[in-house]
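Could you fit the two chains together into a complex? Lean on the hints.
Going down the list, the protein sequences come from chains X and A.
Residue 101 in the numbering used here sits at position 101 of the first sequence, and the numbers go up by one each step.
Take the position in the second sequence, starting the count at 1, then add 189; the result is the number in the numbering used here.
Since the hints were derived computationally from the structure, they do not count as laboratory data.
From the three backbone atoms N, C-alpha and C, an ideal C-beta is built for every residue, glycine too.
Incorrect hints may have been included.
To be verified - In silico DSSO-like links for lysine-lysine, alpha-carbon gap of 27 Å or less:
1) K156/X <-> K192/A
2) K514/A <-> K3/X
3) K343/A <-> K89/X
4) K118/X <-> K522/A
5) K20/X <-> K711/A
6) K135/X <-> K710/A
7) K494/A <-> K517/A
8) K343/A <-> K391/A
9) K168/X <-> K711/A
10) K20/X <-> K655/A
11) K522/A <-> K132/X
Unchecked claim - Chain X residues, not near chain A, derived (Cβ > 12 Å throughout):
12) A61
13) S124
14) E158
15) V173
16) M177
17) Q186
In case you want the letters, here they are:
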Amino acid sequence: MKKDIVLCGVGGDGIVSVAKIISDAALNMGLNLKQSEIHGMSQRGGSVFSHLRLSSEPIFADVIPEGQADIILSSEPMEALRYLPWLAKDGWIITNNEPFVNIANYPDMEKVNAELAKIKNVVSFNANEIAKVVKARSNMVLLGATVPYLGIELAKVEEAINHIFGNKGAEVVEQNMKALHAGYEQAKK
Amino acid sequence: MEKLLLLGDEAIAQGFIDAGGSAINSYPGTPSTQITEYVMKSKQAREQGVIANWCANEKTALEASIGVAYAGKRAMTCMKHVGLNVCGDPFMNAAIIGTKGVLVVVADDPSMFSSQDEQDSRYYGHWAMIPMLEPSNQQEAYDMVHFGFELSEKLGTPVLYRIPTRLAHSRAGVVRKPVRPQNELTEPADAKSFVLLPANAKRLYRELIDKQPAFTKSSEESGFNKYIPGENKKLGIITTGIAYNYLMENFKDGHCPYPVVKITQYPLPYDMLNKLYDEVDEILVLEDGQPFVEEHIKGFLGKGKKVMGRLDETIRRDGELNAEKVAKALGMKMDAGFSVPEVVTNRPPALCQGCPHVDSYNALNAVMANHKGGKVFGDIGCYTLGFNMGAINTTVCMGASITMAKGASEVGIFPAVAVIGDGTFGHSGLTGLMDCVNENANVVVMILDNDITAMTGGQPSSAHNKIRRICEGLGVAPEHIRDIVPLPKNHEENVRIIEEEVNYNGVSVIIPHRTCIVELKKHMKK
Numbered sequence: 001m002k003k004d005i006v007l008c009g010v011g012g013d014g015i016v017s018v019a020k021i022i023s024d025a026a027l028n029m030g031l032n033l034k035q036s037e038i039h040g041m042s043q044r045g046g047s048v049f050s051h052l053r054l055s056s057e058p059i060f061a062d063v064i065p066e067g068q069a070d071i072i073l074s075s076e077p078m079e080a081l082r083y084l085p086w087l088a089k090d091g092w093i094i095t096n097n098e099p100f101v102n103i104a105n106y107p108d109m110e111k112v113n114a115e116l117a118k119i120k121n122v123v124s125f126n127a128n129e130i131a132k133v134v135k136a137r138s139n140m141v142l143l144g145a146t147v148p149y150l151g152i153e154l155a156k157v158e159e160a161i162n163h164i165f166g167n168k169g170a171e172v173v174e175q176n177m178k179a180l181h182a183g184y185e186q187a188k189k
Numbered sequence: 190m191e192k193l194l195l196l197g198d199e200a201i202a203q204g205f206i207d208a209g210g211s212a213i214n215s216y217p218g219t220p221s222t223q224i225t226e227y228v229m230k231s232k233q234a235r236e237q238g239v240i241a242n243w244c245a246n247e248k249t250a251l252e253a254s255i256g257v258a259y260a261g262k263r264a265m266t267c268m269k270h271v272g273l274n275v276c277g278d279p280f281m282n283a284a285i286i287g288t289k290g291v292l293v294v295v296a297d298d299p300s301m302f303s304s305q306d307e308q309d310s311r312y313y314g315h316w317a318m319i320p321m322l323e324p325s326n327q328q329e330a331y332d333m334v335h336f337g338f339e340l341s342e343k344l345g346t347p348v349l350y351r352i353p354t355r356l357a358h359s360r361a362g363v364v365r366k367p368v369r370p371q372n373e374l375t376e377p378a379d380a381k382s383f384v385l386l387p388a389n390a391k392r393l394y395r396e397l398i399d400k401q402p403a404f405t406k407s408s409e410e411s412g413f414n415k416y417i418p419g420e421n422k423k424l425g426i427i428t429t430g431i432a433y434n435y436l437m438e439n440f441k442d443g444h445c446p447y448p449v450v451k452i453t454q455y456p457l458p459y460d461m462l463n464k465l466y467d468e469v470d471e472i473l474v475l476e477d478g479q480p481f482v483e484e485h486i487k488g489f490l491g492k493g494k495k496v497m498g499r500l501d502e503t504i505r506r507d508g509e510l511n512a513e514k515v516a517k518a519l520g521m522k523m524d525a526g527f528s529v530p531e532v533v534t535n536r537p538p539a540l541c542q543g544c545p546h547v548d549s550y551n552a553l554n555a556v557m558a559n560h561k562g563g564k565v566f567g568d569i570g571c572y573t574l575g576f577n578m579g580a581i582n583t584t585v586c587m588g589a590s591i592t593m594a595k596g597a598s599e600v601g602i603f604p605a606v607a608v609i610g611d612g613t614f615g616h617s618g619l620t621g622l623m624d625c626v627n628e629n630a631n632v633v634v635m636i637l638d639n640d641i642t643a644m645t646g647g648q649p650s651s652a653h654n655k656i657r658r659i660c661e662g663l664g665v666a667p668e669h670i671r672d673i674v675p676l677p678k679n680h681e682e683n684v685r686i687i688e689e690e691v692n693y694n695g696v697s698v699i700i701p702h703r704t705c706i707v708e709l710k711k712h713m714k715k
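Same shape as in the complex, but just chain A (with noise of 0.2 Å):
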């Protein structure tokens, strides 16, 4: 089969297509977008009648996986990791109803690169009690999408498949395997697995527990998990995911001389760990996360063989792996490079030329400054870089803006103000804004439509040309629903009318709607 250059995001939408899947719904979020804007942009997929989608947010993107499970076709749901706490709900319910055909696909972003956390996904997965797959490269990232979806189907599990930035963001050959076709669609073969009655759900939680021998077993049997011989036994390795390359980048030949063990696939494999804890003095655990398998193997009293990792900071707790702490583990010297001259300079993100958020800004800026005791609370999106022109008090998470907003209010802080995006309204805004119209919360929600996705790279917003409507169908005052333009010669009335809706006692909407720069250039090169 052809060599395809793909991300490790790319690897895995086209081991999605090729591996007979039916339906993609995700929610996009770095680093894991590519997934689903591939197979939206594949013309394979849409030959093969693949449906792919933008959802509103992660639980409705799951939910419509289990949908098309229940049809009895593969889907998958791709998103960041902290999208996953936002489906926490059907992904522990879909873990327990032993939903067949459904991989759950999270992007991990040790480092933070574009996120508020490290949350490392496995920890879900080990509480929801399924199989995970952790690839190690970009061909197991395709070649895991095709055995994920095996393992699901034959074992009666959801699969949670967990990527680090690097992997999702990093482009290698990739060889393809051939096309399967899609799965018929068919009832349920336990019409009752669906129906989470405490009746049913007891018994199915009983099968999930009988299962688990049988996860492990395909853990140890698979293939992906490796014992690799070392003849130094003063060190045992176990290395997860993408650490094993970091761990291979330094012995240039190839050949690390203390016994590894490299685990892909979880449940831990038993017997190769058990192996390899006989075998060797000492035993070192890397892991481009947190330390959850570390912490597996020490236990919580730590007696035996001395294991160490991230838990006791021979690997630094935080931030990601890399080959350099591997080797300062191993107390190997590596080259250094040069120092960074002092005369560099912090050249941090910020808001393009010309963005409509600046304007924004500049106009409640402009009206926070005559209320002293005033906060703002912010949102997640490109917006939140609103913090370095000083305009927002709080990013927390999808959807706090308004609500953090609620609360504040109700304890005595006026004014208090949200800022959200469109997307994110979209994503988790509703809700909250229902909140404050039955409680007659008096809050200023700021929401900026730039008609996109931006921060993610353009995707579709899904309250997109509805905003106004939503706002009134969840009660908001029509007359308190402001819209204006964020242009700098619209200035001086955008701070008059923001400042009108911070002096009305109740909840007022604005909405400041211009087309986001970087979208609108593309439009125009088109």
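One chain only, chain X, in its complex shape (with noise of 0.2 Å):
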């Protein structure tokens, strides 16, 4: 098994934290994994990104070469169009398609869609607006979208949100676990 995931967002947006929750279910499974990311000047209010490699064989390098991703998962549709380069031919983007404008010039949405629907394999939604009914964070919604490609069952992934949020209490894991069934059902469709 091997899956190379891209997540990117905006910083500050909480995509990067979503590598966690894989990263525990994939250690669990006693898969082996790295994951970089970028800390620093680029984490404020720019564009942030980071490779998740997963492998039951040794992994190398630190971050995935280009043309090699499984899966890009982005909390923002026009960052999910940055990060191209790195997906495979027949890789999966799943994307919040909610803008995230807090830029002059962000581009028009229809442009910003029609570059996606050229890619094979997309998964594009509201995740702010499921995010609202299920009264969670977007983030464990596309979490939940990303989960029938990654090649880990719902399962193990529950097991790793009860894992990493059981010390907040019951009510948040409750929480984390709604957003990530919404993702999951939106993604089926």
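What follows is the structure, given as structure tokens:
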């Protein structure tokens, strides 16, 4: 098993923390993993990304070579496009389609959607709306939508959520589970 | 032992705690910050009585480590690459002393993700003539802290420990070793070695020269450097640190057909490199940094077998290394990805919504608009992003705002305004401000006080709660130290105050004080 995942979004939106949950599940399954991220100046409202590599074989580089990512998981539609050079030809994009506009020259959404439509495998939906309904964070909804393409069973991801959020109380765990399941259902549509 | 999922930085920190380290004294700087933070948060470190401090700057931090070593205990000081410039003095002299039990951990930043240059710390280690370690992965990062202290204590030398951004900020599973006890408090075996009077220093420098063969012997024999045979002798490859991973990424079966010398310990292993040179037709050097090894192998005249790498730009000289660049150098094809669609626009980092610096810069910009010849000398921190607001003209190095403003004002620039954060002021601003006072320079120094060192994630600021008193103590006239609160509602008043101080002929300090918005949110959550 090998999955190379690019997680991306805008500094401070919490998408990179999703990597932690997937990592926890992968570690429990005895997979090798490497997860790299960038701290410092780039974090301040700029474009951010993390590379997560899972494999049953040894992993060498900390970063995914271009053209090899199985999944781009993005909290923002334009950011998903920014990391396209990493996507394998048959890879999947799972992205929030709600734009985060903190720059003056944000492109026309129709053009962004048109570019996304050129990619073979795309799951694009408004994760913010679903998050509002289940009263949870959109990044957990996006995680749920990624699970069918992850090669990791939903139950293993649930275990990881229990493990990571367990000390914050049952309510927090429950909220995250709801968001996870809502995203999971969305991806199957 | 248990397997932990750790950043390269955290692996070093856990290594320090497990290797019987007594004190870690550092200054925050991306990508090194998480090492010291991890030790500070570690319950195990607390239980073992490990001391963990943020110091005023890298120089004071490393000097504290030399003090720890004087007392016979194990010390570590961590910093980003440019921090090594700041502590160049104690660094070079710690080498002369032959300081035992000191690791100097330096995180380099190839591709400048959060830095102003790409300097490669290995040149410093070579210059100081001390052993260096450059782990290739998180497990080695952990193991090499144990090894580094053994090396340091056995051979009587500080050890430079170099990592690049990608290792610092990438997680992988790490298996721990048993915990070693800390050293006992002892007197130095050679009491004179810590007194660098010329008579002692001459002897010690000779001793450092005489230790070199032992350093090289360790590089040959420790097992960290490896000669890996290969059947295709047309090319020999030398990798340093994480460059090995970028090489192997190109061979899915985990077998490279060319002979490889994998280097993670310096001085360079002479015998291994000679063996490679004799066996192959040409040599390719892969380094995540400047062409340090390549320069050594090639020599000034570049005679002998062809040596390729970053010097001859077989691989671009600037920017971090990656698997794609290695593939290209090897003439291998990789699957090309998609290109970035034209519709994608830049999303550069920016000051946060509600950041106090924005209000300070809005007021300053309003004042400077009326003074066409004026210049604003900036510094290092979040507020460097004021460049995107057209608010600053320069950013060079920690503390240079005040001193550059002084120099520029003395030869005719008016008004000369310096903008520096509270953290950077504590790091390197005080001495510059004293220069200004001593010459009665016509400068306005704005010390943006947000209560913390924000850029690196909210470490305490060394000048916290005493900026006014420091300025008074350095001799700035109390009536020209002005406190303002950077908020939109105070804009007019702040503009007036800055304008008044611009028109005062002498040293003025303005302290816009409001807590960092990120820090404030953190506290509200608690």
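Structure-based check of each hint:
1. K156/X <-> K192/A: holds, 19 Å
2. K514/A <-> K3/X: At roughly 22 Å apart (the allowed maximum being 27 Å), K3/X and K514/A satisfy the hint.
3. K343/A <-> K89/X: violated, 54 Å
4. K118/X <-> K522/A: holds, 25 Å
5. K20/X <-> K711/A: With a Cα-Cα distance of about 20 Å, the restraint between K20/X and K711/A holds, given a limit of 27 Å.
6. K135/X <-> K710/A: Cα-Cα ~20 Å, so holds.
7. K494/A <-> K517/A: holds, 21 Å
8. K343/A <-> K391/A: holds, 22 Å
9. K168/X <-> K711/A: It holds: about 16 Å lies between the C-alpha atoms, which stays within 27 Å.
10. K20/X <-> K655/A: With Cα atoms ~40 Å apart, K20/X and K655/A exceed 27 Å; violated.
11. K522/A <-> K132/X: violated, 46 Å
12. A61: Violated, because the least Cβ-Cβ distance between A61/X and chain A comes to about 4 Å, which does not exceed 12 Å.
13. S124: Answer for S124/X: holds, closest chain A Cβ roughly 15 Å.
14. E158: holds, 19 Å
15. V173: At roughly 18 Å from the nearest Cβ of chain A, V173/X sits farther out than 12 Å, so the non-interface label holds.
16. M177: Label holds. Min Cβ-Cβ 22 Å, cutoff 12 Å.
17. Q186: holds, 24 Å
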